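Here is how the chains run, residue by residue.
Number of protein chains: 2
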Amino acid sequence: MDFVDLRYKPEKNGDVVTTVYVESKDLKKAANEIAAESSVGTWTKISTMKERVMRNLAARVFSIRKEGGGAVMKIAYPVELFEDGNVPQILSDIAGNIFGMKGVDNLRLLDFEIPDKYARSFKGPEFGMEGVRRIMGTSKNRRPHIGTIVKPKVGLNPKETAKVAYDAWAGGIDFVKDDENLTSQTFCKFEERIARVLEAKEKAESETGKKKMYAANITASSEVMLGRAEFVKAHGGNCIMVDIITAGFSGLQFIRNQKLGMVIHGHRAMYAAFARNKRHGIAMLPLAKLARMAGVDQLHIGAVVGKMEGGRGEVLGIHKTINGKWAGLKPVFSVCSGGLAPENVPDLVRIFGNDIVIQAGGGVHGHPNGTRAGATALLQAVEAAVRGIPLDKYAKTHEELRLSPAKWSLGKQYSHRTKIV
Amino acid sequence: MDFVDLRYKPEKNGDVVTTVYVESKDLKKAANEIAAESSVGTWTKISTMKERVMRNLAARVFSIRKEGGGAVMKIAYPVELFEDGNVPQILSDIAGNIFGMKGVDNLRLLDFEIPDKYARSFKGPEFGMEGVRRIMGTSKNRRPHIGTIVKPKVGLNPKETAKVAYDAWAGGIDFVKDDENLTSQTFCKFEERIARVLEAKEKAESETGKKKMYAANITASSEVMLGRAEFVKAHGGNCIMVDIITAGFSGLQFIRNQKLGMVIHGHRAMYAAFARNKRHGIAMLPLAKLARMAGVDQLHIGAVVGKMEGGRGEVLGIHKTINGKWAGLKPVFSVCSGGLAPENVPDLVRIFGNDIVIQAGGGVHGHPNGTRAGATALLQAVEAAVRGIPLDKYAKTHEELRLSPAKWSLGKQYSHRTKIV
Numbered sequence: 000m001d002f003v004d005l006r007y008k009p010e011k012n013g014d015v016v017t018t019v020y021v022e023s024k025d026l027k028k029a030a031n032e033i034a035a036e037s038s039v040g041t042w043t044k045i046s047t048m049k050e051r052v053m054r055n056l057a058a059r060v061f062s063i064r065k066e067g068g069g070a071v072m073k074i075a076y077p078v079e080l081f082e083d084g085n086v087p088q089i090l091s092d093i094a095g096n097i098f099g100m101k102g103v104d105n106l107r108l109l110d111f112e113i114p115d116k117y118a119r120s121f122k123g124p125e126f127g128m129e130g131v132r133r134i135m136g137t138s139k140n141r142r143p144h145i146g147t148i149v150k151p152k153v154g155l156n157p158k159e160t161a162k163v164a165y166d167a168w169a170g171g172i173d174f175v176k177d178d179e180n181l182t183s184q185t186f187c188k189f190e191e192r193i194a195r196v197l198e199a200k201e202k203a204e205s206e207t208g209k210k211k212m213y214a215a216n217i218t219a220s221s222e223v224m225l226g227r228a229e230f231v232k233a234h235g236g237n238c239i240m241v242d243i244i245t246a247g248f249s250g251l252q253f254i255r256n257q258k259l260g261m262v263i264h265g266h267r268a269m270y271a272a273f274a275r276n277k278r279h280g281i282a283m284l285p286l287a288k289l290a291r292m293a294g295v296d297q298l299h300i301g302a303v304v305g306k307m308e309g310g311r312g313e314v315l316g317i318h319k320t321i322n323g324k325w326a327g328l329k330p331v332f333s334v335c336s337g338g339l340a341p342e343n344v345p346d347l348v349r350i351f352g353n354d355i356v357i358q359a360g361g362g363v364h365g366h367p368n369g370t371r372a373g374a375t376a377l378l379q380a381v382e383a384a385v386r387g388i389p390l391d392k393y394a395k396t397h398e399e400l401r402l403s404p405a406k407w408s409l410g411k412q413y414s415h416r417t418k419i420v
Numbered sequence: 000m001d002f003v004d005l006r007y008k009p010e011k012n013g014d015v016v017t018t019v020y021v022e023s024k025d026l027k028k029a030a031n032e033i034a035a036e037s038s039v040g041t042w043t044k045i046s047t048m049k050e051r052v053m054r055n056l057a058a059r060v061f062s063i064r065k066e067g068g069g070a071v072m073k074i075a076y077p078v079e080l081f082e083d084g085n086v087p088q089i090l091s092d093i094a095g096n097i098f099g100m101k102g103v104d105n106l107r108l109l110d111f112e113i114p115d116k117y118a119r120s121f122k123g124p125e126f127g128m129e130g131v132r133r134i135m136g137t138s139k140n141r142r143p144h145i146g147t148i149v150k151p152k153v154g155l156n157p158k159e160t161a162k163v164a165y166d167a168w169a170g171g172i173d174f175v176k177d178d179e180n181l182t183s184q185t186f187c188k189f190e191e192r193i194a195r196v197l198e199a200k201e202k203a204e205s206e207t208g209k210k211k212m213y214a215a216n217i218t219a220s221s222e223v224m225l226g227r228a229e230f231v232k233a234h235g236g237n238c239i240m241v242d243i244i245t246a247g248f249s250g251l252q253f254i255r256n257q258k259l260g261m262v263i264h265g266h267r268a269m270y271a272a273f274a275r276n277k278r279h280g281i282a283m284l285p286l287a288k289l290a291r292m293a294g295v296d297q298l299h300i301g302a303v304v305g306k307m308e309g310g311r312g313e314v315l316g317i318h319k320t321i322n323g324k325w326a327g328l329k330p331v332f333s334v335c336s337g338g339l340a341p342e343n344v345p346d347l348v349r350i351f352g353n354d355i356v357i358q359a360g361g362g363v364h365g366h367p368n369g370t371r372a373g374a375t376a377l378l379q380a381v382e383a384a385v386r387g388i389p390l391d392k393y394a395k396t397h398e399e400l401r402l403s404p405a406k407w408s409l410g411k412q413y414s415h416r417t418k419i420v
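Chains as they are written, first to last, in numbering that gives the first Met the number 0: chain A, 0 to 420; chain B, 0 to 420.
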């Protein structure tokens, strides 16, 4: 068992340490094979191996703790195994072939820790949360930002999209974003949409006297993303959205490396294809760390409440990790999203505090008086929550909040919350 | 249930059709939510919905068949939902948020079909299998290509790497590749490695009179990948490797779109993070189709035998799909890899036929007489398999094959096959 050394103590400045959950009929053999396959080994003795390679670059499993039907293992990888600033490369080591080995039945990457020096080889966010707050003028009054997704997800033309965005901003929303499946389809070509929405942004800013932000979804092949990002910049935009998993880290790092001077909003569609099953895949926590290393300024992390998966402990842990101090990488602004409505705001503020973006799509556009009223209702919910006033009390003097579709609302416009149209 | 219509017949030229496996306490409700979330819907009635959007762009679940603990569903998506030539965008629709919805317990994308016109909006492989065979001079003698991965996976310096590559080529190997976790670490910087290995390739070509190929692993952020690809080209290389999942489709399409005139070898580290669990995630078949659309010329598909997961039916199905006719997209050269040795060649040829690349790392460098003998043994195994001669018989007159480490070999140098060093 050349790759298992339970007496080994990892070096804080010398080792990347991963935590993995493993199921296998033979856990110790699996531990050996995992550490071999993800560092310098293969399945057989080879003539080309060098003694110095085994000594300097072999990964070591240094902890195996039985848990559930398997074991949680800790693996130390010499940091020399990794290329500075290359996110795909770290994945190919710590989250690569090992998932497909016959010797393991299930394997889940739960977390990783990296030496500060290696962490600093990544650019990290250009703006981070404080940079976004500076743009938006909320550095002092540190309330949660509120955002909306233009809905329906796809199908509106550029003019209709701009109208929805304008209504949301005029009603009090800070941040408007495209949905993840809207890029540049024939019904809503990118250039025309962006031009019109950014005009609407300027109008809303001049009317409200407040700074607004629009995340234009540029997700595509890298050269197309760059062209789109430059178009956004040329039209006065301050933010772009990259769907970081469907696009991938090569494209995300490329966009960050351009230093475009625009906030990068990270959507995470498809993450749950490998994060959902608790016994296999890659948890959201390591993905979120990689996204911070690559350089997203805002990142969807789940919401605990709402329509998307993710328990309180897990999602709060992700928030604290990407929003906390880390080797000089700027803190990421966490985005809570997915089936949220004004009624969820007090819970969100209680769970996460004020340093989050609260995003509601249906919860804004589903307001009986339309998008603008829905936006105002969401803002009112934030005002109430930040001041510690119960929503039902605040709703008595705030019409939009009172009419907002929710269990607590007086209106009760909706018999159930899953009806689509 | 606005998004479920069991009488709907999908249009071959108008719909993208996905096949998904779903587990949920309420399958019909889940079906509705999946089709809504992946097309135009959200969790509530919204003021901004347009009748034409629902009519023209809503996805429809048109088949629900109970299977295992859940159901296999078929979903039709109007092709207008998709942007031409954008792989990340199709994923954001058919494989995006739906994995994370609370309303489903498990969800697996099993397959998808797309209209030919939409398929043609993707570049597909620049060379494809026939292009690779043309470069290598095997268009007529259509034996399997044989490849090796330089081993140890990482740790050799550029000179040592070039020596291993040279030995492999001199022994009869067609194709040498970097391993997935080798990019440009301090012990083996990319530029020096590539320069030396390409020198070795030239030497081997001139000595053997045969064309050779080297897949230089360029995986990194897109602009770094392009710089590396151009370096390979400038030094006479004919192939680059992209780790397509860790890099992602945005970067892969970017590299393909450059028309570099070099074969793109697609490694798939990390695919099993979402393909392994049979009840959740994304199966390899749809990933392989996306890789073909994006434009890989060669793609790892598994091997049935060997150290990596993947049953016969599944892997053979992937091979036939990416190697068969499809809307003018060139056929991909399937690569079988992972714990293979000469002893596996007859099985591989029996299962897949001759139109594959058989790759062995440990199975070549593990030969008792070293890499060159291991390469020759692998070539001998292919010669025997193609001619239908049993290996043990062929081994009697072929020294290298006879000494190759394997169950059938006379030597039996290895007591077991999982020992690493």
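Derived from the structure by calculation, the hints contain no laboratory data. One or more of the hints may lead you astray.
Heads up, the list lumps identical chains together, so a pair's fine if it works in one copy or across two of them.
As the list claims (entries may be wrong) - No farther apart than 35 Å at their CA atoms in a straight line, the calculated lysine-lysine pairs in the DSBU-like style are these:
#1 Lys65 / Lys277
#2 Lys116 / Lys188
#3 Lys277 / Lys24
#4 Lys122 / Lys44
#5 Lys202 / Lys49
#6 Lys49 / Lys232
#7 Lys395 / Lys101
#8 Lys8 / Lys209
#9 Lys24 / Lys139
#10 Lys277 / Lys162
#11 Lys158 / Lys28
#12 Lys8 / Lys232
#13 Lys202 / Lys116
#14 Lys73 / Lys122
Just so you know, these numbers come straight off a predicted model, no measurement behind them.
Query raised in the report: So which of those numbered hints doesn't the model satisfy?
Result: 4, 8, 9, 10, 12, 13
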